[in-house]
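**Q** Given the sequences, and given the hints that come with them, work out the whole structure.
Just so you know, the sequences run in chain order W, F, R and G.
Everything in the first sequence is counted per the working numbering, starting at 1 for the first residue and increasing by one.
Everything in the second sequence is counted per the working numbering, starting at 1 for the first residue and increasing by one.
Everything in the third sequence is counted per the working numbering, starting at 1 for the first residue and increasing by one.
Everything in the fourth sequence is counted per the working numbering, starting at 1 for the first residue and increasing by one.
If you're looking for bench data, these hints aren't it; they were derived computationally from the structure.
Nothing here was measured: the structure is a model prediction, and the numbers come from that model.
All residues carry an ideal CB built from backbone N, CA and C; glycine is no exception.
It is possible that part of the hints are untrue.
Lysine-lysine pairs mimicking DSSO-like chemistry, simulated, CA-CA at most 30 Å apart [stated by the list, open to error]:
(1) F:K267 x R:K56
(2) G:K156 x R:K56
(3) W:K56 x F:K267
(4) W:K211 x G:K267
(5) R:K211 x R:K156
(6) R:K56 x F:K56
(7) W:K104 x W:K211
Some chain R residues flagged as far from chain G (calculated, every beta-carbon gap over 12 Å) [claimed, not checked]:
(8) Y54
(9) E80
(10) F83
(11) S86
(12) P101
(13) E113
(14) Q127
(15) Q188
(16) Q215
(17) L268
(18) L306
(19) A316
4 protein chains.
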Amino acid sequence: MLGCGVLSSVRQGLSRGLSRKVGGWATGEGRKVDIAGIYPPVTTPFTATAEVDYEKLEENLHKLGTFPFRGFVVQGSNGEFPFLTSSERLEVVSRVRQAMPKDKLLLAGSGCESTQATVEMTVSMAQVGADAAIVVTPCYYRGRMSSAALVHHYTKVADLSPIPVVLYSVPANTGLDLPVDAVVTLSQHPNIVGIKDSGGDVTRMGLLVHKTRRQDFQVLAGSAGFLLASYAVGAVGGVCALANVLGAQVCQLERLCLTGQWEDAQKLQHRLIEPNTAVTRRFGIPGLKKTMDWFGYYGGPCRAPLQELSPTDEEALRMDFSSNGWL
Amino acid sequence: MLGCGVLSSVRQGLSRGLSRKVGGWATGEGRKVDIAGIYPPVTTPFTATAEVDYEKLEENLHKLGTFPFRGFVVQGSNGEFPFLTSSERLEVVSRVRQAMPKDKLLLAGSGCESTQATVEMTVSMAQVGADAAIVVTPCYYRGRMSSAALVHHYTKVADLSPIPVVLYSVPANTGLDLPVDAVVTLSQHPNIVGIKDSGGDVTRMGLLVHKTRRQDFQVLAGSAGFLLASYAVGAVGGVCALANVLGAQVCQLERLCLTGQWEDAQKLQHRLIEPNTAVTRRFGIPGLKKTMDWFGYYGGPCRAPLQELSPTDEEALRMDFSSNGWL
Amino acid sequence: MLGCGVLSSVRQGLSRGLSRKVGGWATGEGRKVDIAGIYPPVTTPFTATAEVDYEKLEENLHKLGTFPFRGFVVQGSNGEFPFLTSSERLEVVSRVRQAMPKDKLLLAGSGCESTQATVEMTVSMAQVGADAAIVVTPCYYRGRMSSAALVHHYTKVADLSPIPVVLYSVPANTGLDLPVDAVVTLSQHPNIVGIKDSGGDVTRMGLLVHKTRRQDFQVLAGSAGFLLASYAVGAVGGVCALANVLGAQVCQLERLCLTGQWEDAQKLQHRLIEPNTAVTRRFGIPGLKKTMDWFGYYGGPCRAPLQELSPTDEEALRMDFSSNGWL
Amino acid sequence: MLGCGVLSSVRQGLSRGLSRKVGGWATGEGRKVDIAGIYPPVTTPFTATAEVDYEKLEENLHKLGTFPFRGFVVQGSNGEFPFLTSSERLEVVSRVRQAMPKDKLLLAGSGCESTQATVEMTVSMAQVGADAAIVVTPCYYRGRMSSAALVHHYTKVADLSPIPVVLYSVPANTGLDLPVDAVVTLSQHPNIVGIKDSGGDVTRMGLLVHKTRRQDFQVLAGSAGFLLASYAVGAVGGVCALANVLGAQVCQLERLCLTGQWEDAQKLQHRLIEPNTAVTRRFGIPGLKKTMDWFGYYGGPCRAPLQELSPTDEEALRMDFSSNGWL
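**A** What follows is the structure in structure tokens.
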């Protein structure tokens, strides 16, 4: 098990821009939270009758709390947030806040399709204890989501949010890449602290780091499959579904990157690619939850219309872990 | 102005499968509603402060009520449903029910991301007066929306819906085409009566008609741009954004198709393509609402993050209508 | 068997713009060939050792010559032209010229990546007997193939070609849709007579017909799957891989469309969609050639890297024909 | 200027698998060439009348020969190979062979659409002096280019090639990604030594390195935009259009990566992203050639249908270099 203290001092030394943010994170008066580090995007456990199982949620959190994560993302894509009511979304965040270690960050997904609803959800998320809001791009009218529209949307949200805002671009779900020029513009907003980029285009990520270098703005990789490469181009952490099951390994990969042990980092990264793809693009949340069951967490069922894996898929999922030595 | 009586007898004579549905539409006991005809997907008017403007909604309905539409689609993509609260969605449907002519159909969009929420919204839509529910494919987890998952989703909704269900595939918004095999399977459900297909792939539409020919199942074109071609391959009507502004013309195109006046139909269709693209793919709902303002309806603003058209876009929009003789 | 005479008088009466082209087709002095009608895109037969089998080619042509086709497309995508040497391309066209009926048109594919090579191939195609050149969009540098670049390319080719030029847009192979504005510009060139559009977007096809209505410019459907719909929006024929095996049926569909028997046309069109998809998008040229073997033509092997169908695929291919009553 | 000696010893120490290839590169008997390093993909200069300008080609080579490149790629996508005749392709390679330093590698693009033509071109490329053949995926029939078809194609080429074969996947041009499983299978062929991967998906590149780790198989990045990230995940070099104009800088980036100076590498990488995108995806070969003119090489015109940059584009191109301090 990796110690959190080591990592946090490593982060102090190596992360881009850290020297600009002395004394830890804070909100208000233009000061920004430092979001560098690894986050599992927490899944939402359901009972057999599709109720949110808050008890299992807390149990999972207690187990996850032992790893040197920077914090937790709640209501990200892996949290099945589009399947939750507004009150469930808030209650889940509230419970996680209570169950998780005090020194870690809680990033709460507060994105909705309309700007107004996003503002309201963001304010509510702050009220139930979120440290920052992670806001997915609205996407249903993607044909009209120009840079100007997205800048307007995020600016409004950030203006009215009592907590810092993290942009969230996840084209596999939204069919929309938050344009580089929009990110650059938004990085200048005093209440926007970074982006979670799940697209996997590392050229783009490098460009984002480069063009926001004069801002207090941090880039997080949205998946463990390109975590090493993301660190290499200047990202400061990752929100990794895989960290829900291989938490120690993802944190170790972070540490190897931050301490410059690139050869070992590369070997570890290689062994994480197939498992990561399996619990994300290949088998989605059903795959992630099935794997959680294997690794001592509560995965359980998804809400419909997400379906359970077929036995064939389950076997392929297992192979993606076992062939890399994780099962 | 076209008389509704003519059209409805034309529909009786020509629409596929009508002979199987004697005595008008009804629900329950496996009997199905006949949805053949033209529908404007009603927009949701907002005040300057982004409140739903129910008065303007009713005024628009009164004007639209004079055309020989088969009915109205409420809470389709053009209704900005993702920007409305659940209670707004229901209130809008309720108001439309009261404002519209009694003899027309009200198809209410009730799709949500989760199966359970969709069921609940569908039941509620029935309670406020919808004649049928039009259910968009869930899409956020499109990577997992296999045919099996979608069949499961729609079957559950149709099982529990007190009103007939119309499938709704709109890949421009959802990034997802409801697969042909899923549609064919679902066409056998006693409470599923048809599909609104907005993809514009007329080969696919012909195949849908062909492979569901032994079912009481009807195909509606999701846009006026390919309405003539859709009739040619066996569709029985259309849900056409353009009908919000050129209602008489879209109904005339229907009549020309149903009475076999293909040469005139073709000429009219040609003149509708650019205006149609302008109020859909090219300029979206902001373009549609701007055009409504020009044509004597209340268009008004959209909710954010949708933005107003720039002056340049507005000029191009105007050209798409004027160059075809509509302005 | 349908008589060609009937069809040709039907075409005289109904095809758009025919009245402007009295006295049959001709080249030079701005007069244009009338390309209305159905064309099979001829396959290139190979021996077991992958040599062009000119004898089998001639035998196929003799059989195909009995149908009321307007002519033949040689070196279209189905002719495996990218696998032939320049001299093979010319020799195949030359042989087809000799083997085919004198009163039919020979459209020869002469597209190459560079403008200069396309010009040279077009001139050579004319020398070996082509009546018109059908010129696919260059595509390897599709990122740079702006409307301006494509207009420049086709203008140069048409300027220097001794025979009329037909534009050819086939995004499934090229990843590139010849833009509408480029087509409209090019339709004004005295030596450009039409377009073969294989994309299947019937809204676009209607718009092409509409916006070129003041030119001598004809639109051909590039596939039998949307042939009826294409006629409905103003196309005047089709280049249909399926016509290599169901020649009578595709010609019958043409006749039903041209004589306004839309109900029968629709029924026939429906039964052709799956077989058409099977020999195009689904199983490609290997599927088409396999089917030719079944229908009394010589199909034979493709050149590598195209592979033979697996037994499973072959069974699925057979089903697509038998389930529609063609086998 | 960086010395080649330093780099080559660095490569000896750090490149994956180098220990297995003692004594330099060689062909035959299962021994493989070591392709680690940086390569400019040489452009083909044309005169004002679109003839190949062999003199300018040689002049460019003499200038490029002063950088510590591992070698040169000739007839890659940037060489406009689809616009050259077969004899021009060979003559260009022959001239480059004579003009370039003896100790460097010449990788010659020999891909054609058919397997047979590719084999013949590969043999010819060997005869005019190529050290290895770099073979782009056939793509016109991409719908049929299954893993099996591609494995068959490359196996045949590699079997019959007198020189080692490098796979080449460039989806921006071909619309086709050589599938991972095909690459893994092909990596076991004794005459296939690596892949140039231009897709930019670094997760995929890491997986390729991981799953071919037991083979003598090397991965080259196909663009300078993700060169650092590629090294981080185990690539051993790159074929970089940008190296035609910023040769010293790309080689410096290589050296920084190979010597573990990741912080400096990151800074340099950042400044190369926009210039790299400008001469590849954004402005293509016309952009690259224009930039070559600025940097003391001969760029000159492209063959049609590639067009010159507009003044506006040229200004934007200049900005992409000047804003990063290169002009």
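**Q** All hints are to be evaluated individually against the structure, with a verdict given for each.
**A** Hints, one by one, checked against the model:
1. F:K267 x R:K56: Not satisfied, since the Cα-Cα distance of roughly 45 Å exceeds 30 Å.
2. G:K156 x R:K56: holds, 27 Å
3. W:K56 x F:K267: Answer violated: W:K56 to F:K267 is near 64 Å, above 30 Å.
4. W:K211 x G:K267: holds, 12 Å
5. R:K211 x R:K156: Holds: R:K211 and R:K156 sit about 22 Å apart, inside 30 Å.
6. R:K56 x F:K56: With Cα atoms ~71 Å apart, R:K56 and F:K56 exceed 30 Å; violated.
7. W:K104 x W:K211: holds, 29 Å
8. Y54: About 18 Å separates R:Y54 from the closest Cβ of chain G, which puts it past 12 Å; holds.
9. E80: Given a closest Cβ separation of 8 Å, the condition is violated.
10. F83: violated, 4 Å
11. S86: Per Cβ check, R:S86 is inside 12 Å of chain G; nearest 9 Å; violated.
12. P101: R:P101 clear of chain G: closest Cβ-Cβ about 30 Å, beyond 12 Å.
13. E113: Label violated. Min Cβ-Cβ 4 Å, cutoff 12 Å.
14. Q127: holds, 19 Å
15. Q188: holds, 19 Å
16. Q215: Label holds. Min Cβ-Cβ 22 Å, cutoff 12 Å.
17. L268: Non-interface label stands for R:L268: nearest chain G Cβ at 26 Å, farther than 12 Å.
18. L306: violated, 6 Å
19. A316: The claim holds: R:A316 sits with its nearest Cβ about 15 Å from chain G, beyond 12 Å.
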